[in-house]
Amino acid sequence: MLHSQKSISILTRWLIPCACVLGLALGSGVAIASNAAKTGAGANLLETGSSLLYPLFNLWVPAYTQSHPNVRITTQSTGSGTGISQAVEGIAQIGASDAYMSDALLKQHRDMLNIPLAISMQMVNYNLPGLNRDHLKLSGPVLAEIYQGKVKNWNDKSIADLNPGVKLPNHSIIPVHRTDGSGDTFIFTQYLSFSAPEWGNSIRYGTTVSWPAVSGELGAVGNPGMITASKDNPYSIAYIGTSYENAIEKDGLGIAMLRNHDGDFVLPETKTADAAAAVMVAKTPKDERVSLIFAPGADSYPIINYEYAIVNRKQPSPATAAALRDFFTWAISPSGGNAERFMKEVNFVALPATVAKLSADQIAEIQ
Amino acid sequence: MASGILELREVSAYAIGRRRRFFDRLGWTVSALAFLLLGGAMVWILAIILLSGFGSLTPEVLTHVTEGTGGGLLNAIEGTLVLALGGVLLAVPPGLACGIYLAEFDYGRLAPAIRFLIDVLVGVPSIVIGYFGYVTMVAMLGWEFSAAAGCVALAIISLPYISRTTEMALRGVPRGLREAAYALGANDRQVVMGISVPAALSSILTGVLLALAISVGETAPLLYTAGWSSYLWNGHLIKEPIGYLTYVIWAFITEPFESAHRLAYAAALFVTLFVLVISVLSRLLLDRSASRFRRG
Amino acid sequence: MSSASLVSSDRLRWRRISRAASFRSLTALSACLVGLVLVLIILFLALYAWPAVQLNGAGFLTQNNWNLGNLYGNPVTVHGQTILPGAQYGILFLIAGTLLSTAIALLIAVPFGVASAMFLSEGVPPPMRPWISFFVELLAAIPSVVYGLWGYVVVIPFLGHYVFPFVVRWLGFIPFLGGPSGSGYGLFTAGFVLSLMIVPLITATLRDALVEQPRELREGAMALGATRFEALWTVLLPAVRRVLTGATILATGRALGETMAVLMVSGNALNYLPGNIYTPISTMASFIVSQLDSALQDPTGMAVRSLAEVALVLCLISIVVNALARVLLYYQGHQVQRAF
Chain A
17 MLHSQKSISI
27 LTRWLIPCAC
37 VLGLALGSGV
47 AIASNAAKTG
57 AGANLLETGS
67 SLLYPLFNLW
77 VPAYTQSHPN
87 VRITTQSTGS
97 GTGISQAVEG
107 IAQIGASDAY
117 MSDALLKQHR
127 DMLNIPLAIS
137 MQMVNYNLPG
147 LNRDHLKLSG
157 PVLAEIYQGK
167 VKNWNDKSIA
177 DLNPGVKLPN
187 HSIIPVHRTD
197 GSGDTFIFTQ
207 YLSFSAPEWG
217 NSIRYGTTVS
227 WPAVSGELGA
237 VGNPGMITAS
247 KDNPYSIAYI
257 GTSYENAIEK
267 DGLGIAMLRN
277 HDGDFVLPET
287 KTADAAAAVM
297 VAKTPKDERV
307 SLIFAPGADS
317 YPIINYEYAI
327 VNRKQPSPAT
337 AAALRDFFTW
347 AISPSGGNAE
357 RFMKEVNFVA
367 LPATVAKLSA
377 DQIAEIQ
Chain B
4 MASGILELRE
14 VSAYAIGRRR
24 RFFDRLGWTV
34 SALAFLLLGG
44 AMVWILAIIL
54 LSGFGSLTPE
64 VLTHVTEGTG
74 GGLLNAIEGT
84 LVLALGGVLL
94 AVPPGLACGI
104 YLAEFDYGRL
114 APAIRFLIDV
124 LVGVPSIVIG
134 YFGYVTMVAM
144 LGWEFSAAAG
154 CVALAIISLP
164 YISRTTEMAL
174 RGVPRGLREA
184 AYALGANDRQ
194 VVMGISVPAA
204 LSSILTGVLL
214 ALAISVGETA
224 PLLYTAGWSS
234 YLWNGHLIKE
244 PIGYLTYVIW
254 AFITEPFESA
264 HRLAYAAALF
274 VTLFVLVISV
284 LSRLLLDRSA
294 SRFRRG
Chain C
1154 MSSASLVSSD
1164 RLRWRRISRA
1174 ASFRSLTALS
1184 ACLVGLVLVL
1194 IILFLALYAW
1204 PAVQLNGAGF
1214 LTQNNWNLGN
1224 LYGNPVTVHG
1234 QTILPGAQYG
1244 ILFLIAGTLL
1254 STAIALLIAV
1264 PFGVASAMFL
1274 SEGVPPPMRP
1284 WISFFVELLA
1294 AIPSVVYGLW
1304 GYVVVIPFLG
1314 HYVFPFVVRW
1324 LGFIPFLGGP
1334 SGSGYGLFTA
1344 GFVLSLMIVP
1354 LITATLRDAL
1364 VEQPRELREG
1374 AMALGATRFE
1384 ALWTVLLPAV
1394 RRVLTGATIL
1404 ATGRALGETM
1414 AVLMVSGNAL
1424 NYLPGNIYTP
1434 ISTMASFIVS
1444 QLDSALQDPT
1454 GMAVRSLAEV
1464 ALVLCLISIV
1474 VNALARVLLY
1484 YQGHQVQRAF
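Top line first, the protein sequences correspond to chains A, B and C. So for the first sequence, our numbering puts the first residue at 17; every next one is plus one. So for the second sequence, our numbering puts the first residue at 4; every next one is plus one. So for the third sequence, our numbering puts the first residue at 1154; every next one is plus one.
If you're looking for bench data, these hints aren't it; they were derived computationally from the structure. Just so it is clear, CB atoms sit at the ideal spot from N, CA and C, and this is done for glycine as well. Careful: at least some of the hints might be erroneous.
As the list claims (entries may be wrong) - Pulled from the structure, derived: some chain C residues nowhere near chain A, Cβ distances all over 12 Å:
1. Ser1162
2. Ser1175
3. Arg1177
4. Trp1203
5. Leu1221
6. Gly1222
7. Val1231
8. Arg1282
9. Ile1309
10. Val1320
11. Tyr1338
12. Asp1361
What the hints assert, rightly or not - Now the in silico label distances, taken between C-beta atoms and shown as ranges:
13. B:Trp47 x A:Thr81: 40 to 46 Å
14. A:Val182 x C:Phe1311: 47 to 53 Å
15. C:Leu1252 x B:Leu113: 42 to 48 Å
16. A:Glu381 x C:His1232: 37 to 43 Å
17. B:Phe25 x C:Phe1311: 30 to 36 Å
18. B:Leu54 x C:Ala1376: 29 to 35 Å
19. A:Ala229 x C:Arg1282: 50 to 56 Å
20. B:Pro96 x C:Gly1373: 46 to 52 Å
21. A:Pro332 x C:Leu1189: 32 to 38 Å
22. C:Leu1469 x A:Ala369: 54 to 60 Å
23. B:Leu113 x C:Arg1282: 38 to 44 Å
24. C:Val1206 x B:Leu113: 27 to 33 Å
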């Protein structure tokens, strides 16, 4: 048989059937896709960012798209740093972030809006065999020293002083921190900076900080990574958002009581968050970029924050702008996204009316 | 030696000494053990993937798109197919032409230089290509996360493999075939496209299949070029992210939700099965082409 | 011949030549374009990273300080570059992580690879040989992220809960094997998973080389009284020494650039060097993936450019290693049959 004839037989036996199958598959895929796209001239929105806000977004999207089938929202948990940078670059329409944009970044990108959608909290969790049910008392300065490696052992005097009568184990502490650009890091380091001037002057705060090298420390990616690292390592300490409180309780990790601005030790609960919000909300400026950390008040929980949607004021198409405005309006409404049933699932607090009004004003600017 | 005739000496029944025999047995045992451990690890990995994967399969996985951390994998499967096929299709014409040049027209210094550059391109880590793609296509060209950026990144990764295997496949074609064709008055194009390439077609296809397998398994470059989408591809080549299976494997296994883990295992299953099928196919093709030349 | 037919045959010849020439030059052009892709990537990285190179200087490679600076502060000018206050970029820990994990991977993979190749070339009965070597190739085809999944789900708990504490308890006196047994994420785990990914490369290449050796070598050795194993060990293996070196270097190149599997099991260290084999590390490739998004937050853009510098260093190391391997393999005359 001539070689060209043999190659034709290969063609007929392999290539052509394969090509047909693949072509069919692709074709049907595109057909399904364009069909889906045809059902509405709506918008495709990409939400990326905060792992703290991610569980809430995953509750919002199915609820919202049920009543608004023309909008398709993809959610991603990538960290607040990613949320900010991709929203700024225009790659994602909604950048979810626990941290507001910095002055320098805002100066470069003047069209960005920081719109609070809810108020969230952060826990400090630890994994101490036998002590995970008791809420250990910790303070900002002590945490700062733990994360700097100055307090190395669980039965150190500074921790024992805060917890009289508690039998602390003699074991080195394993501090866990986030390695990705994280809003959780931002609010945690703000707490450390505001309550411990020594941290505030050296390491300061940010979505990424230069964590001091502490022997035994672990880096984790995302809130889920923090949970896994904490669970797998007894004697560890970590900072995790309250939207994961159910997972924390299921894994049996401990939740610490933190010392607030007035010196009282409080747990991350709705009433302590409400107390802190009541004090700090009045300080919210028009662009809503403000820290709620370390609020004064006897009952205030020290680590609460606005959950921001970082959005560009100028959208490429009116359809996208309208879709964004509709979604955000629904999200901040007490009958929509800020309803009790959503807030309770993730242990967040709804936006107070004054803040909701400020957010609504910012939402109206999206064109 | 002579004095030993009357001594009682144990005479070995073996032709080689005890020490050599010991090392011989030791050597085979060690190498067999090494291979068994290797094979064992392989079986372990495959078993975990197949068992967890099949255990996580529900009809929903194949019929629904991803909803947050649950749902199905329809969008990811479609996205992987689009990206891998798109990348390979982009890479085949230049890769094929390049392989033809390196095999057929290897005169002078240009060919060795290009061969060197291509071999080096194989060694460039895929994340570097992904970073390059992000800065150039996604950011500078303004394509944002897109199927186009993903396909181009995969094409760059596939190019050296296709070129290399095409070149080696063509080199395997006996010279006599070409010389006969030239003697009959054919020109370059007729000889190459009419004689050499069809003769080496199976091996060339092996290279294409290899590139396809690599594209299906890539993650790092796609993270920063294709992004992620929970919806089926709407046909836009730019400014519209697209989903793919390897993203699910990487991102969902770390989420603390059971539904996410199930999707991750299912995605790992699909990717591994796909790669297995391609390996089997390319083995079959290679055996076919080898046997043809033995016969002919 | 009449002048008319001369002209027509000239035209025919010219058309034939030009068609032939254009086919040849078309393929040459394609080949040049493909070759240029690499040059383009490196040039781009070098140009993009140049401001970072100017800022960081030689300290980039010798210091352990990757610091984006005060993200919420106002940019300042240092060394002629605008950066955030306190920003510094030193990646010694990345270089250490990359080289150490690759070294551990090689320490495990080379002996196993050589032993397996010997077994595959001689110890397996001929009818089973194609099946077994296909099996080995399959290991090479499994994607990196699937290895990462397996490592994350299976290897880390296994090593962290059982193997590491055991080793620390009984072998802790050996340097680098002592100290806290860690969580399972770390240098050794990364090296172990990497070794599984590169061992098929070594095994397959070496096995092919061994099988291709002329029969006379083996027969000569056996005629002199060697056992089959001795023939392998003393005659055949030394004969393929250069191929082994080349394959090892190729495997090194692959291990240096591995991203996803390492990202999922290495523990993501920042700014410290590992004290023992259980400590978390970061490699250059996994660092780029995990830090690109944080770096994009830097309004001055210096963080992204420093990441480009990391990519450039990684690229250059991989290129040198791969080039070395290819030169060795070509010199031997043994073409790498598997395009890895």
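*Evaluate the condition: distance from the CB of Ile1309 (chain C) to the nearest CB of chain A exceeds 12 Å.*
It is violated; Ile1309 (chain C) is separated from chain A by about 8 Å at its closest Cβ, not greater than 12 Å.
*Lying within 50 to 56 Å: is that true of the beta-carbon distance Ala229 (chain A) to Arg1282 (chain C)?*
Cβ of Ala229 (chain A) to Cβ of Arg1282 (chain C): about 52 Å, so the range 50 to 56 Å holds.
*Taking C-beta pairs only, is Arg1282 (chain C) more than 12 Å away from all of chain A?*
25 Å, holds
*Does 32 to 38 Å hold as the CB distance between Pro332 (chain A) and Leu1189 (chain C), or does it fail?*
Taking Cβ atoms as reference, Pro332 (chain A) and Leu1189 (chain C) lie about 34 Å apart, which means the hint holds.
*Between Glu381 (chain A) and His1232 (chain C), does the beta-carbon spacing fit 37 to 43 Å?*
40 Å, holds
*asked:* Is 42 to 48 Å respected by the C-beta to C-beta distance linking Leu1252 (chain C) and Leu113 (chain B)?
replied: 35 Å, violated
*Using the beta carbons of Val1206 (chain C) and Leu113 (chain B), state whether their distance is inside 27 to 33 Å or not.*
32 Å, holds
*Claimed clearance of chain A by Asp1361 (chain C), with the beta carbon kept past 12 Å*: Consistent with the label, Asp1361 (chain C) stays out of reach of chain A, its closest Cβ about 25 Å off (over 12 Å).
*In terms of Cβ atoms, is chain A entirely out of 12 Å range of Val1320 (chain C)?*
17 Å, holds
*Do the beta carbons of Pro96 (chain B) and Gly1373 (chain C) sit within 46 to 52 Å of each other?*
49 Å, holds
_Quick check for students: does the CB of Leu1221 (chain C) sit more than 12 Å from each CB in chain A?_
5 Å, violated
*Between Leu54 (chain B) and Ala1376 (chain C), is the Cβ distance one that fits in 29 to 35 Å?*
51 Å, violated
Consistency with the previously given hints fails for numbers 5, 6, 9, 11, 14, 15, 18, ordered from lowest to highest.
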